[in-house]
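Participant: Spelled out, the chains give:
There are 4 protein chains.
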Amino acid sequence: MSDGGAILVTGFEPFGPHAANPSEQVAKAVDGRVVTGCTVRGAVIPVEHVNARAAVAALLEEVRPRAVIHLGLAGGRARIALERVGVNVMEYSIPDNAGFKAAGEPCAPGGPAAYFSTLPLEAMLAALLAEGIPAYISHTAGTYLCNHTLYSTLHAVRNAAPPPRVGFVHLPLLPAMVAASATDDPSMDLTLMVHALELILTVVAAEPHPAR
Amino acid sequence: MSDGGAILVTGFEPFGPHAANPSEQVAKAVDGRVVTGCTVRGAVIPVEHVNARAAVAALLEEVRPRAVIHLGLAGGRARIALERVGVNVMEYSIPDNAGFKAAGEPCAPGGPAAYFSTLPLEAMLAALLAEGIPAYISHTAGTYLCNHTLYSTLHAVRNAAPPPRVGFVHLPLLPAMVAASATDDPSMDLTLMVHALELILTVVAAEPHPAR
Amino acid sequence: MSDGGAILVTGFEPFGPHAANPSEQVAKAVDGRVVTGCTVRGAVIPVEHVNARAAVAALLEEVRPRAVIHLGLAGGRARIALERVGVNVMEYSIPDNAGFKAAGEPCAPGGPAAYFSTLPLEAMLAALLAEGIPAYISHTAGTYLCNHTLYSTLHAVRNAAPPPRVGFVHLPLLPAMVAASATDDPSMDLTLMVHALELILTVVAAEPHPAR
Amino acid sequence: MSDGGAILVTGFEPFGPHAANPSEQVAKAVDGRVVTGCTVRGAVIPVEHVNARAAVAALLEEVRPRAVIHLGLAGGRARIALERVGVNVMEYSIPDNAGFKAAGEPCAPGGPAAYFSTLPLEAMLAALLAEGIPAYISHTAGTYLCNHTLYSTLHAVRNAAPPPRVGFVHLPLLPAMVAASATDDPSMDLTLMVHALELILTVVAAEPHPAR
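Protein chains in written order, with my numbering: chain E, 2 to 213; chain S, 2 to 213; chain V, 2 to 213; chain C, 2 to 213.
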């Protein structure tokens with residue numbers, strides 16, 4: 002049995018024009034694994050900000066993770082994006098799965114402008130590049146559900162003692178999603194994305210465990 | 002033993018800034034396979050136009066293929082590109098592997114402006130998309146060695162009776178090539194590229210055999 | 002009065018999603034000018050291949066130009082594109098203005114695979130870059146009306162003695178077209194495009210006059 | 002004489018591979034103008050974070066502006082970018098003009114993760130689009146001098162009573178910069194950029210004057 006604590010990995014349901022969501026598939030693929038003594042809990046959350054936040058809150062309560070890795074889809078990006086910052090704004094270019102289209106509302110009224118990810122981004126990046134996986138550190142997670150979730154979880158745990166490490170990883174489209182569209186968007190194989198997450202989990206699991 | 006004739010697949014050596022070339026790896030991966038009764042001969046040709054042409058001529062003489070599928074690398078493209086046309090011009094943005102940098106010379110002095118690929122591009126495209134592999138029909142193979150080879154082989158077999166079908170397929174960068182560079186270029190897994198070639202070979206092998 | 006002969010410049014009507022077409026505006030802007038002794042005739046042709054070809058035929062008959070510069074819009078391109086080749090295929094991603102959507106038909110049944118532009122592309126490019134105007138030599142004019150017109154005019158004059166020089170120049174979107182869309186497409190000011198055409202006309206007008 | 006207060010506009014010197022900087026040219030172009038009663042002070046600041054911050058501090062002291070509009074160059078962007086957020090990190094992909102290459106240092110040690118721009122971005126965007134100028138609201142100003150300056154000025158005025166409005170506008174490359182490079186980058190005419198700033202100044206000058 003593992004005693005290194007738990008790592009929560011979340012993916013999103015499909016949304017907008019997309020019939021699939023690689024973040025959902027990757028989260029399911031790693032669910033139940035044990036990495037360097039840490040148990041991985043993979044879960045799928047809805048593409049609607051109130052319910053997404055509630056789902057994450059319930060998972061934090063249940064899993065009590067030492068780290069949270071949110072995953073999401075970033076159509077049009079060619080590489081895995083390690084997000085450095087979540088900002089306190091929701092501005093949607095398309096409605097969420099409940100039909101809501103935010104137009105500048107804050108993620109958390111009265112909250113700070115932004116939070117930085119607390120995952121070890123540089124070490125994660127080095128691990129991915131060393132294995133030949135295209136990746137970079139991004140400074141915008143957009144203003145849709147992905148950014149909202151990164152911001153909201155960091156806001157939710159801000160007073161925890163100790164807080165779990167929290168971050169967000171954006172994934173490219175799957176090849177079949179590009180083939181099904183008429184676009185010239187870049188894509189990445191699911192196998193490579195799952196391997197990327199394995200590397201990220203290994204780096205995150207190796208971080209010193211916060212005192213309890 | 003197969004009696005459906007041979008299909009020649011060529012890839013290129015690495016060139017310019019690239020330490021690898023997926024076209025070489027794919028050509029080697031399918032070498033020796035039998036597809037719908039056709040024997041596949043995979044070969045690697047040099048990135049230098051005189052020697053590339055000579056290498057292809059020797060392979061045509063030796064293999065006497067019913068079809069020729071040239072493969073090459075197109076850094077920056079996100080999808081597998083089925084090339085429709087080879088044009089009679091060489092204009093290199095970087096030198097070839099012999100240090101030669103063409104500046105508008107024809108591939109074949111006195112030759113026609115262009116040849117169309119004689120592979121069944123529409124059927125190849127349909128087969129790729131049906132399997133979820135990003136692909137499209139391209140109308141420019143550039144003006145480097147790839148275009149030269151497409152044009153030159155079509156020019157070489159123009160009077161054969163019957164000529165083999167001839168075409169060119171451009172491949173994206175491999176993920177590790179993007180990871181090793183500082184670029185935001187799209188990439189594609191080698192596994193997916195090899196699968197794409199398997200599908201293409203199946204379509205090409207199903208074409209009626211030219212009478213001899 | 003000018004005695005250096007005439008240069009025909011054509012632009013296209015708006016088409017598809019576009020409410021304007023810079024090629025129309027540039028053709029009108031240079032209509033009637035005299036450049037190095039050459040009279041410029043600017044005309045607008047329809048976005049429908051049969052009528053476009055007929056309109057060009059009538060203009061060739063009437064103007065008897067020493068050179069023809071077709072202009073068209075290439076949404077998504079960032080620079081002025083001097084097209085080197087027109088290919089004998091029509092494959093439309095959107096219908097033309099008559100509702101026709103070609104699917105691989107030749108521009109001229111039985112015609113050669115392609116014609117090269119007979120304009121002095123290298124000199125035109127040098128003139129544009131020297132004035133700080135982004136430009137390049139392109140090897141695909143697409144497979145829509147633009148390519149059709151380049152191919153068809155070169156095909157139409159192939160037996161003329163002497164034939165006029167013929168070529169095609171693709172223009173980026175106008176800034177207002179990008180502002181009106183939700184896209185991130187590049188654009189170019191009309192003033193800069195008109196200046197580009199002035200430079201091109203000067204280069205073309207300086208070419209030796211074919212004997213009559 | 003104008004009595005509506007002053008608006009400070011800053012541009013940057015050329016840097017890295019660039020022989021020019023449109024932000025410098027636009028800042029100089031609007032220097033001394035009076036817009037809706039506001040006097041515009043255009044100034045050029047160095048591409049080095051300590052000196053840039055000092056230069057801005059001196060200008061704030063001298064000009065005592067009601068609003069600050071920092072301008073900078075974003076090579077590769079096609080539209081004018083109204084930046085919404087400055088983040089507390091410096092991570093340079095190329096050295097600054099003093100040879101310093103930041104690797105994750107904060108702009109202000111101990112400062113918050115980010116500040117939001119306090120300019121009226123939505124109204125600025127609407128004014129630009131209504132005049133046919135490609136523009137958008139951006140959520141990353143990068144992590145080079147541009148972001149540093151946006152963050153640092155917002156940090157510097159955080160306790161002012163009242164603070165001036167502060168924001169950052171990224172400009173595309175000039176056409177001549179693209180022509181001089183071998184890239185396919187988008188560009189925008191200086192005339193259009195200056196007009197964009199005129200529109201932005203008009204919107205900013207119309208904002209209620211903070212009480213003093």
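If you're looking for bench data, these hints aren't it; they were derived computationally from the structure. No residue lacks a Cβ here, since even glycine has one placed at the ideal position from N, Cα and C. It is possible that some hints are incorrect.
The calculated label-pair distances, taken between Cβ atoms and stated as ranges, are [as the list claims (entries may be wrong)]:
1) V:Gly5 to C:Ala99: 28 to 36 Å
2) E:Pro96 to C:Pro163: 44 to 52 Å
3) S:Gly17 to C:Ile95: 19 to 27 Å
Derived contacts from chain V toward chain S, CB cut-off under 8 Å, selection only [claimed, not checked]:
4) Phe16
5) His19
6) Val88
7) Pro113
8) Tyr137
9) Ala183
Straight line, CA to CA, 25 Å or less: simulated SDA-like cross-link-like pairs of lysine to any residue [as the list claims (entries may be wrong)]:
10) S:Lys102 to V:Ile138
11) E:Lys102 to C:Leu130
12) C:Lys29 to C:Tyr137
Participant: Now, for every hint given, state plainly whether the structure supports it.
Facilitator: Right, here's what the structure says about each hint:
1. V:Gly5 to C:Ala99: 28 to 36 Å: Because 56 Å falls outside the window, the suggested range is violated.
2. E:Pro96 to C:Pro163: 44 to 52 Å: violated, 37 Å
3. S:Gly17 to C:Ile95: 19 to 27 Å: At roughly 23 Å between Cβ atoms, Ile95 of chain C and Gly17 of chain S fall inside 19 to 27 Å, so the hint holds.
4. Phe16: violated, 19 Å
5. His19: Violated - the Cβ of His19 of chain V stays beyond 8 Å from chain S, reaching only about 21 Å at its closest.
6. Val88: holds, 5 Å
7. Pro113: holds, 6 Å
8. Tyr137: violated, 11 Å
9. Ala183: violated, 21 Å
10. S:Lys102 to V:Ile138: holds, 17 Å
11. E:Lys102 to C:Leu130: holds, 21 Å
12. C:Lys29 to C:Tyr137: Holds, because 24 Å separates the two Cα atoms, which is no more than 25 Å.
Comparing the model with each numbered hint stated earlier shows that hints 1, 2, 4, 5, 8 and 9 do not hold.
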